[in-house]
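Visitor: Sequence:
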Amino acid sequence: MSITVEIEDDGAVDYERAINQDANILERLKYLPARNELYNSLWTKRKTICSLIRHQLGLDHRDICNVASPREWIQGSFNVCIPVEVQSHHLHQKYILRCCLPHKLAETSYPGTMDEKLRCEVGAYAWMQESCPDIRVPYLFGFGFSDDTHFTHEEYRPWYFRLARTVQRCLCALLRFPVPSRYTTNSMTHCLPTAYMLLEHIGPDTGQMLSITWDKRRSEPQYRERLFRGLARVILSLARIPQPRIGSLRFNNNCSVTLTNRPLAHQMVMLENEGIPRTMGTTDTYPSAELYVTDMLTFYDNCLLSNPNAVFDDEDCREKMAVKTLLRALSHRFIRRETRNGPFILQLTDLHASNVFVDDEWNLVCLVDLEWICALPSEMLAVPCWLTGHGVDELEGELLEEFEEMRLEFMRFFEEEEQELVSRHSLSLANIMDETWTSKGVWFWHCIKSLHAMTSLARAHICPQFSTRLTSVAEILSKFWCVDSHRMVEKKVTDLQRYEEDEGDLRHCFDRDNAN
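Counting from 8, one number per residue, gives the positions in the sequence shown under my numbering.
Fair warning: there could be bad hints in the mix.
What the hints assert, rightly or not - Here are the simulated DSSO-like pairs of lysine-lysine, each with C-alpha atoms no more than 30 Å apart in a straight line:
| # | residue 1 | residue 2 |
| --- | --- | --- |
| 1 | Lys54 | Lys37 |
| 2 | Lys486 | Lys456 |
| 3 | Lys456 | Lys498 |
| 4 | Lys486 | Lys447 |
| 5 | Lys52 | Lys101 |
| 6 | Lys54 | Lys101 |
| 7 | Lys37 | Lys52 |
| 8 | Lys37 | Lys456 |
| 9 | Lys498 | Lys37 |
| 10 | Lys486 | Lys498 |
Hints are computed from structural coordinates only; laboratory data are not their basis.
These figures come from a predicted structure and were not determined experimentally.
With the hints as constraints, model all of the structure from the sequences given.
Guide: Below, the structure is given as structure tokens:
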């Protein structure tokens, strides 16, 4: 079948490519129309956008504000960035209005997830401004939620308001109450169809995305050293303040920031967006690594149960059931007894070459996209796999050897930088990372991070550690995943067939498109 349909992020997809993905293409077919509707709504509200930005910045209504056309908007996985230029008698500056994409943030399945994501991102910005001033991030001027509540940095409020907030923070700190951040409520009548953040525009005068020069420079040792040291300093700065629980920072309505949100990672939201049942409530945090691992594996169980396209055939189904059983059985080997109850450390769970900005010499000059920062077990900290240009599920054979060389180089600089940093905990993160690599626990934790890589990682790295192959144990282990496992295998294969062929499912989408 040669007819194709357009899918957001994936472009034109034909039927053969669609059935060979374990993602739910039926759900993803809805993304493009939803995006176009949001874009049209935002563009028609460009005057409202200008009024909102003037209000956030304390400008006059006569000041000029130009919203870039949709052709210049920059779309990411969960947000669209709208460039805005502002001119006044004392100002000529570019800004970024970063708007959430509700159709990518499980807003239909779980209303409120968009605001949850923004609260965590804003919480990370506010926390880092106070606790990690050495990490350069875009300046956050203000933001607003879907309920039309808006907040502005106190620097853009009247002097008497700033003075009152300073006194309030001092009193709260003295009385051990939650200390308000530097963002304050700001009433306004301007409404947008989605939640937003108003951010500093990071232009070429500051730096450029690492991904632009990645292929050209990554083979040069002096450039790698500067990059690796910069990344190490960011990781260590975030981790130097211990956290009491596993979770995410959250911006509250009283303007304080607390570690009271579930550990919100991008893959969890992507799966929930496809209708996967939740296992974590929005306010669930975890005092121990075991409880967190248990809930993550239960969530992945729900993915297998709920996704009609979760398996390719009966053998694939048994392998996926077996891997989830195996990970539960082995978790005690890879959770460090010394740190299972903390301290936990803040980590960048979605760090990649496009949210790192560098100068011409590859010195790290800015970090963007703070939306998926979580406090997690220290064992989950690992050398980024993308430093070799490959995904974690590709690291086998020669590619694994290449990554090992890169890992050793990174760890040498990481250890040197750690020795220079004063932390509020006694953990040696370099030692923990080396220990996790040596014990092969790194692959267990990558399984917890990534559902899509889980089976291939178990096959390539976990099973060989026990002198066995996944295909040899899948039949037996899968029986322990649920009662009457053979019926579950039959059900999942039937789900797949119905997904591919039945009226209203995948094949029908392509046939209907062909008919049109």
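Visitor: Of the numbered hints stated earlier in the document, which are not met by this structure?
Guide: Violated hints: none at all, because every hint is consistent with the structure.
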